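Make the full structure from the sequences, and use the hints.
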Amino acid sequence: MSYVNVTLVQLVASLGLMALAIVLSARDGLGLEKDMAIGTVRAAMQLFAVGLLLALLFQHEHPVAVLGLIAVMVMVAGWTAARRISYGPGTGVLFRYATLAVLVSGAVVLIPVFTFVIRPARWYEARLLVPISGMILSNGMNGVALVFERVFASVHDDAASVEQLLSLGATPQQAVERHTRAAVRAALRPTINALLTVGLVALPGMMTGQIVSGTAPGQAVRYQLVIMYQLVAVAVVAGAMAARFARALSFTPQKQLRSFDDRARPLGPPKA
Amino acid sequence: MPNILEAKGLRKHYDGRVLLDGVDIALERGSITTVGGPSGGGKTTLLRILGFLTEPESGRVLLDGTDVRTLSPEEVRRRVALVAQAPAMFEGTVLDNVRTGPRLQGKSLPEEEARRALERTGLDAQLLRNDARALSGGEKLRVALARALVLSPEAWLLDEPTAALDPERADLVVDLLRSLAAQGAPVLVVTHDERALKRLCGRCCTLAGGHLQADGRE
Ligand SMILES: Nc1ncnc2c1ncn2[C@@H]1O[C@H](COP(=O)(O)OP(=O)(O)OP(=O)(O)O)[C@@H](O)[C@H]1O
Ligand SMILES: [Mg+2]
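So the protein sequences, as listed, match chains G and H.
The numbers in numbering that gives the first Met the number 0 rise by one with no breaks, and the one at position 46 of the first sequence is 45.
The numbers in numbering that gives the first Met the number 0 rise by one with no breaks, and the one at position 11 of the second sequence is 10.
In case anyone wonders, no lab produced these hints; they're calculated from the structure.
Given the structure is predicted, the values throughout are model-derived calculations rather than measurements.
Take the hints with a grain of salt, since some may be wrong.
[Claimed, not checked] Once the Cα atoms are required to be at most 30 Å apart in a straight line, the calculated DSSO-like pairs of lysine-lysine come out as:
| id | chain 1 | residue 1 | chain 2 | residue 2 |
| --- | --- | --- | --- | --- |
| 1 | H | K197 | H | K7 |
| 2 | H | K7 | G | K254 |
| 3 | H | K106 | G | K254 |
In structure tokens:
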């Protein structure tokens, strides 16, 4: 089997697809032309930059460079997860916890697999470490973001019940158990659904990529299964950690429910 | 013997407005105290501080002579009942709600005891298996009373407990509060209800301008 190259000319020709999309968007008044145009250029710039970076990394493969890149990925994942939270203690505080959750969940899932399952020739082999870490870390990131978003918001919306439970002697854990559990379940849903339906509708991206680039389907399947299991595990670990962090951040040292804005509290006077 | 619940020098402000400006309050064994005052004057805030849901900026709260900050928050809250103005009901039946407090401690409350607590609040025990969230405001208040009652608290804090009740039910609640006080637990009631004020026969105070003052009427 041989790899089929895409020339630059051929790539430019594929822009015709974007032109088609933009024309249709304009004709049907979808109002997405601008985003599509910007997206076309942005995606190209981002991916070419990443491609250059990877090519550079592969040429000068060095443990420090590989680990450095993964560290940057962890931080960006932590930042992205923390930035999306609409109600909570603020991006600055959440960033630390999100990064820690992404880091720990990623390490728990990646280190054993690279040690025992997918064993690179050199432990710092960028060709394997970087893309696989990227997939795993971004799933951890999504789990953290979802759990943070849901725990802070639902505890706030349900503050009257939470404080009522506290009043009856509940620990913070007991008082927000319902909320943290629901949040972790919701965060796991997409990954578990993917696990249940994988291959039925579409082949997962990585498996597709491997097959297109010439890997025997049998091997591509094995890789994909390992990745799927990793995705589930990382989501569980990241989600559970994020839930614990969110709970801890929701209470004061005296175990009183914190409010992150000045909207009146549930036991306060009814707002007009 | 120390007062069951006592606060000294409580200060609290929100958004630059001082609500409590050095408030002292002592709830003696068996006493009934009522607090009135303008809307937004900080009455609910005072109850929340005494019920250990809000931290004052300064001042101390003593439970039976011990600073509450040296006790576990869970213990303080079990020992001091706080009944909110429109109490939140938990998912489930009235019985589930009344059993919540013991359940949090890993205990199971016999149905008979839940029934007795409900009857003391004047709620028809027929409602035991009803969905608590579908009750009327007045019924919810009585479930909240029963829910706290089964924990045998040492002090009671109530926010406008008769506001959602008709006079007859309100009288029942007042009688219950008086019987709780008669058994030794001090009762602090935030209320504007003249009829309840008269029947409670408590010490009347007003919270205004950050200060709590006795009205000089009993
Ligand atoms: N968590 C909070 N954050 C900001 N402001 C608050 C908070 N809790 C209470 N307040 C404000 O403090 C003021 C006093 O509130 P509080 O509920 O204690 O008054 P109140 O005396 O109980 O009034 P009412 O008789 O209307 O129930 C109000 O202006 C309220 O908006
Ligand atoms: Mg109030």
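Against the structure, the hints come out as follows:
1. K197/H to K7/H: This hinted pair holds, its Cα atoms lying about 28 Å apart.
2. K7/H to K254/G: 21 Å, holds
3. K106/H to K254/G: With Cα atoms ~22 Å apart, K106/H and K254/G stay inside 30 Å; holds.
This entry satisfies every hint, going by the numbered hints stated previously.
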